[in-house]
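Single-letter residue listing:
Protein chains: 2
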Amino acid sequence: MTSTSLNVWTADPAQTLRVGDGFRLADVDTRATPGYGHGKHRGSADLARGADVLDGLQERLHASSREDPEAPAVLLVLQAMDTAGKGGIVRHVIGATDPQGIMLHAFKKPTDEELAHDFLWRVEKQTPRAGFIGVFDRSHYEDVLIGRVRQLAPADEIERRYGAINDFEARLTDTGVHLVKVMLHISPDEQKARLGERLDRPDKHWKYNPGDIDERMLWPAYMDAYQTVFERTSTVAAPWFVVPADRKWYARLAVQELLLDALERIDPHWPRAMFDVAAEKIRLAAS
Amino acid sequence: MTSTSLNVWTADPAQTLRVGDGFRLADVDTRATPGYGHGKHRGSADLARGADVLDGLQERLHASSREDPEAPAVLLVLQAMDTAGKGGIVRHVIGATDPQGIMLHAFKKPTDEELAHDFLWRVEKQTPRAGFIGVFDRSHYEDVLIGRVRQLAPADEIERRYGAINDFEARLTDTGVHLVKVMLHISPDEQKARLGERLDRPDKHWKYNPGDIDERMLWPAYMDAYQTVFERTSTVAAPWFVVPADRKWYARLAVQELLLDALERIDPHWPRAMFDVAAEKIRLAAS
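Chains as they are written, first to last, in my numbering: chain A, 1 to 287; chain B, 1 to 287.
Incorrect hints may have been included.
Which copy is meant is left open, because identical chains are indistinguishable; a pair holds if it fits in one copy or across any two.
Stated by the list, open to error - Only pairs whose alpha carbons sit at most 25 Å apart, straight line, appear in this in silico DSS-like list of lysine-lysine:
| no. | residue 1 | residue 2 |
| --- | --- | --- |
| 1 | K281 | K204 |
| 2 | K125 | K108 |
| 3 | K207 | K108 |
| 4 | K125 | K109 |
| 5 | K40 | K248 |
Simulated from the structure, these hints should not be mistaken for laboratory data.
With the rest of the complex left out, here is chain A (with noise of 0.2 Å):
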């Protein structure tokens, strides 16, 4: 199977959105719909037709591991500056699928605990089991993020720590789990309407912060470390994928997309049955 299972792409954002050899964030247009030819509306209704198509996947995939403990794992890990559109990911694309089949982690500024541990340590713990979709909003990536933007840790620690989510990650793969590491890119005027919206309507102020601006303030950094990450972390097995998300139906079609391309390698099969039918279907009318 290919990924345009739906045909609605001329061309596959599993392509188009994946970053290569010579990569520059900065060449990016966030406002753009690379491989999608209509609007919003158009864009909506195929969202929900895609939603259908990730629900069975997953049911398959989740039913599969039934029979085979080792079987795939799917992990979305979605990275962003503050208003990019991470819950709005979380609500409308995995928020479509059964709950019974995802695992959903928030990260946090780390406890006391956990940085008393190597930065990866919390994160082995969130992976996903065989079957699941798990996702992560925020990851190891702020540790060579904000990590190094705000100096959070000595300079050899932040280089260490490239090649260590290189391991890390490939590890993953070895044993089945298929990452699918996406950042949502907006750009500074988008962030400033939408931190304004949220500043205006009073059931929106929870999701504001202060420090929402002071990280703004470090916009250039912060890309430069994205630039960063891109080129040492983004590999054949476990790429990255910049999505354009000035346009929220975008991104969320692009990332339903993104998963379901994954989901189609992984082309999961309902199990086999681990009994004997025939006798089961005595036993039951028996009963």
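With chain A fixed as given, assemble chain B onto it according to the hints.
Here is chain B on its own, set in the frame of chain A:
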């Protein structure tokens, strides 16, 4: 607020389905639709409308925990015989809300490590954080259901557990966790039909376990164990609700209404801004 937010109920499920004095499980009609005067088609439409209300209340509950780390939580406890529809409740009722506000845990056969601790040890770890809706797919009640029917512990230990459960749940409710304890109740004939469907359909085989028949043979013993659970653990602060579940659409609508009732009693509000909104607007404009 009352629990009849959608005005679709002629009698409030939080009252009619509640286990009170003199309750007898044997008297419950598993095909009935108490308090709801319409059929399946209208039931589906009402479920969709209720989902929007539930989603809004959940977001407010979640938001309120940002300001108040001791904000309330909800814990839905689902117990049932096999095939009664726990999974469908999770998928269709819980699945209609934002995954970011849900903490779902399916309790399986205890591990060796879990068995080396008191039965509540593993349960305590899964209780919902402030602002979350926790969902237990099976629960600590297994330890007085299969635990009793299969004599997995001595009789005096089983006896001890009822009191321990009441103490544990009283502590939860004292600290702001609103418990919604639900038994989905089906008839043996309905289970037979549903198990038969799982055997007939290859895409359902993974949901079938030959052990289901073994448990089915012990139906009367399980009903006795449930009756004892209700008599010993349906408290004012944490009552049980027995939901007739032969009609899946009704069970979903009723459990949704019980959740709506719990959330409406909490009546969560958008938290006030913990910052100076005007000052932040100025900072944002200058950034």
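How the hints compare with the structure:
| no. | hint | verdict |
| --- | --- | --- |
| 1 | K281 with K204 | between (55 Å within a copy, 14 Å between copies) |
| 2 | K125 with K108 | both (14 Å within a copy, 19 Å between copies) |
| 3 | K207 with K108 | within (14 Å within a copy, 36 Å between copies) |
| 4 | K125 with K109 | both (16 Å within a copy, 21 Å between copies) |
| 5 | K40 with K248 | within (9 Å within a copy, 35 Å between copies) |
Hint compliance for this structure: no hint is broken.
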